[in-house]
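Please arrange chain F on chain A, whose structure you already have, making use of the hints.
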Amino acid sequence: MVAAAHDVVVGLVVGIPVLVVAVGAGVALRFRGRGPASAVPPGEVASDVPTDVELAAGAEVARRAEAPVPEAPSGTEVTGAPEPEARVEVPEAPTYRGRLGKARGLLAGYLGAVRSRGKIDATTWDDLEEALIRADVGVGATDALLDDLRTRVRAGEIGDPDALLDALRGDLVAALDTPRRDLTPPGSARAAGDGDSRHVDVWLFVGVNGVGKTTTLGKVATRLTAGGTTAVLAAGDTFRAAAGEQLALWASRSGAEIVRGAEGGDPSSVVYDAVQRAAARGADVVLADTAGRLHNKANLIEELKKIRRVSDRPPGKVTEVLLVIDATTGQNGLAQAAVFTEAVDVTGVVLTKLDGTAKGGIVVAIQRELGLPVKLVGLGEGPGDLVDFDPGSFVDALF
Amino acid sequence: MFERLTDRFEGILGRLRNRGRLTEADIEDVLREIRTALLEADVEIGVVRTFVGAVRERCVGLELSRALSPGQQVVKIVNEELTGLLGGETLRITYASRPPTVVLLAGLQGSGKTTAAAKLARWFKQQGRNPMLVGADLQRPAAVEQLRVLAGQIGVTVFSEATDPVAVAQAGLAEARRLGRDVCIVDTAGRLAIDAELMEEVRRIAEVVSPDYTFLVIDAMTGQDAVATATAFHQTLALDGVILTKLDGDARGGAALSVKEVVGRPIAFASTGERLEDFDLFHPDRMADRILGMGDVLSLIEQAERTFDEGTAAKAAAAMLEGRFTLEDFLEQLQQVKRMGPLSGVLSMLPGLSKDMKQASSMVDDRQVGQVEAIIRSMTPAERLDPATIDGSRRLRIANGSGTTTADVNALLKQFREMQKLMKGFSKGGLAGAMGGLGGMFGRGGPKLSPTALAELQSTSDLAGAPGGPLAGLTGMGGLPGMGGAPGSGRGSARATKGGSSKGGRKGKGGGRVTPKSR
Chain A
0 MVAAAHDVVV GLVVGIPVLV VAVGAGVALR FRGRGPASAV PPGEVASDVP TDVELAAGAE
60 VARRAEAPVP EAPSGTEVTG APEPEARVEV PEAPTYRGRL GKARGLLAGY LGAVRSRGKI
120 DATTWDDLEE ALIRADVGVG ATDALLDDLR TRVRAGEIGD PDALLDALRG DLVAALDTPR
180 RDLTPPGSAR AAGDGDSRHV DVWLFVGVNG VGKTTTLGKV ATRLTAGGTT AVLAAGDTFR
240 AAAGEQLALW ASRSGAEIVR GAEGGDPSSV VYDAVQRAAA RGADVVLADT AGRLHNKANL
300 IEELKKIRRV SDRPPGKVTE VLLVIDATTG QNGLAQAAVF TEAVDVTGVV LTKLDGTAKG
360 GIVVAIQREL GLPVKLVGLG EGPGDLVDFD PGSFVDALF
Chain F
0 MFERLTDRFE GILGRLRNRG RLTEADIEDV LREIRTALLE ADVEIGVVRT FVGAVRERCV
60 GLELSRALSP GQQVVKIVNE ELTGLLGGET LRITYASRPP TVVLLAGLQG SGKTTAAAKL
120 ARWFKQQGRN PMLVGADLQR PAAVEQLRVL AGQIGVTVFS EATDPVAVAQ AGLAEARRLG
180 RDVCIVDTAG RLAIDAELME EVRRIAEVVS PDYTFLVIDA MTGQDAVATA TAFHQTLALD
240 GVILTKLDGD ARGGAALSVK EVVGRPIAFA STGERLEDFD LFHPDRMADR ILGMGDVLSL
300 IEQAERTFDE GTAAKAAAAM LEGRFTLEDF LEQLQQVKRM GPLSGVLSML PGLSKDMKQA
360 SSMVDDRQVG QVEAIIRSMT PAERLDPATI DGSRRLRIAN GSGTTTADVN ALLKQFREMQ
420 KLMKGFSKGG LAGAMGGLGG MFGRGGPKLS PTALAELQST SDLAGAPGGP LAGLTGMGGL
480 PGMGGAPGSG RGSARATKGG SSKGGRKGKG GGRVTPKSR
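Chains as they are written, first to last, in numbering that gives the first Met the number 0: chain A, 0 to 398; chain F, 0 to 518.
Keep in mind that the hints were calculated from the coordinates and are not lab data. Fair warning: there could be bad hints in the mix.
Said to hold, decoys possible - Simulated crosslink set (DSS-like; lysine-lysine; CA at most 30 angstroms straight-line):
hint, chain 1, residue 1, chain 2, residue 2
1, F, 337, A, 305
2, A, 374, A, 316
3, F, 337, A, 304
4, A, 316, A, 304
Since the structure is predicted, the reported quantities are computational estimates derived from the model, not experimental observations.
The following block holds chain A by itself, in its conformation from the complex:
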């Protein structure tokens, strides 16, 4: 099997250029026939393109490189624990209703229509289906929810639209309500290690690009430090330009210490150093940022697995792997959750940007298919705009 796979790979390496040449050469010949108008001036190709490509290729290599984990901290820089700014202020936790008030009403129309019709008919089901799909719950989960309700209507359990909506609400809340929604308390690794003060919890923040990992981490840091927990931030996103700076600002806001590596460096070693640093300082938890990565990039998922392995090496112990998902995400969120869970054993979801018009219904599908609980919800850009997930309020907002 391995040999066969290898043959296929070599076949590809050899074959693709051939195909490309065949097609490309045909074009070149055609353009030669037509005159130079459409052809690229060779000079430009020679001078301009390669330079850019090489530049970027350098970055590419740096990112894809699978360097061994340096055991000794090399090039990582620990920013001494900044004096916490006078007092870390955590604004009052915002409420769903308050935040979502402006965004409500998108689905209300459908549900109002369902209520006002007075009886359950074909249009009722169409309206419910549309409302759920518009909330990004997805075709599969929507069908399952509605099929179940249809059976109950047929059995006479549900008689009128109000009861139907209540039942749907109840089903959604039940689907999202699991006892595993609480975050593992920081310091649990130490407790498990018989109070050995060197043991330190590691929380990994993972997800695709642009979902708000760094911001979420900053908010979590603010919240933890305000509660008296000592956190060390690991700037494990060494790929995105200035991600480290962004996290450093959050570190100074929250008063947590930050460990940074060189841009383009090995993220595993940054997390490793942060764990060492946290253990030496007797900190409770390391909050590790990671670069955004699309779940279909196998090499990047491998890199993430390695970060997890390294983080789990004593004195570190991974107690949370939080998958950050943007509420605007559509059905692809399910694939994201599946791949990340498979790769790094995600413990919970953080649903961000729920203060917009998007409903984040994909978490219903994620919970249903993968049993992955939503733990936190992001409701804005402020340090305090991160709250515990509450299924009841979430479903109400959905409606």
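Just chain F now, with coordinates in the frame of chain A:
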């Protein structure tokens, strides 16, 4: 990108293709599947309804054509409607008569505005322009820093100052004028469409810079909400188009398609990777083909044009056709293809590759390409010209020199021999023979090019090969025997379901049609 949708359609339509006659129930089945597929691809539900309605209308009372089976006609209709849905033509940038041409980027948080701004600057630079970037995202910590780092990689100036976004935009534009830049790209902070205050701010930015182009940056993974967001931004800013980011993920893209439908603005650019050069104009007609499993041959060709040294390519093609393609030529070609990006990316643009094949392609990474390169570079010039001279001890020397094993060297040599046979296929049997040979190279897990894909390839090469040109032999064949490396299995009915399907463009439709051949 769009693979999921493609898979779905291939599943549904594959069944249709094999049917001679469609019943009304068939049509409803297909429509339901199409609806689900589009919804799962995050196309907005209203747009899906319109789309399915349009397809239904055209399917019912379908004029039966002699040339196409009813199933093929449905495929054609779906393709046409999809092309329409994706938008008509590729955007052409018209530059302001009084430079600079101002481009404003706006969007939700995390949609990729800053990266898109840098990529856009690179794109303009490649068009021979002299762009400047203005960092007006003062909201997100270190956003301007990120822009500076990216701009540094492409040698573009960034203007920003710690005042307020409107002032920065205004001063940035003045700076661009002063420096004589002809394109000025303004990056703004991410904002929610319902945040009245920030929407007012971006409106004022637009007011002071009066952009020639205002683009909404949308994440390809966005769900049903994309339309609401786009509508709101359009009301505030009067958008000119959309930049679709993160298209290199799986599934997705659906929501962005609906934006065109609802807002009436095209997808102008698409970003397909993390590297700054993974960015280009969006080609709607090609994307529709892609959804239908045709691959993106035209994009591939254009990319090839851009990165290929014409002379080398022509020389290699000639060498290929004359059957004297050496390892030296191959090495040269490999360099060129590498310049087009990661091999797996190039591969994903080839049409009709099966799932297995795509899976296999994800195993190809640039390290393996490097290995192949290293092996060839460890050969003497004489060995490269005539690999037959490589005996056991030379093999060992090459393996040692390239840090590989003799098994690796053998594998490469074997593949190369296969390829040389394939070259002979090119010169003798045209594309079909060559493709058959290629299939053989890949073995059982190899590419199963669908008949339609081949028809497409043929029409492409038809377009490529001028009449009487060296590649003319590739065209005009009805059956394509020996596909999938199984000589004689003859999946030979190449049907031109594609013929005349996309609107105008460079497809050379006249010659693209292949008469169905039943077996």
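Would you pick out the hints that fail for this structure and give their numbers low to high? Result: no hint breaks.
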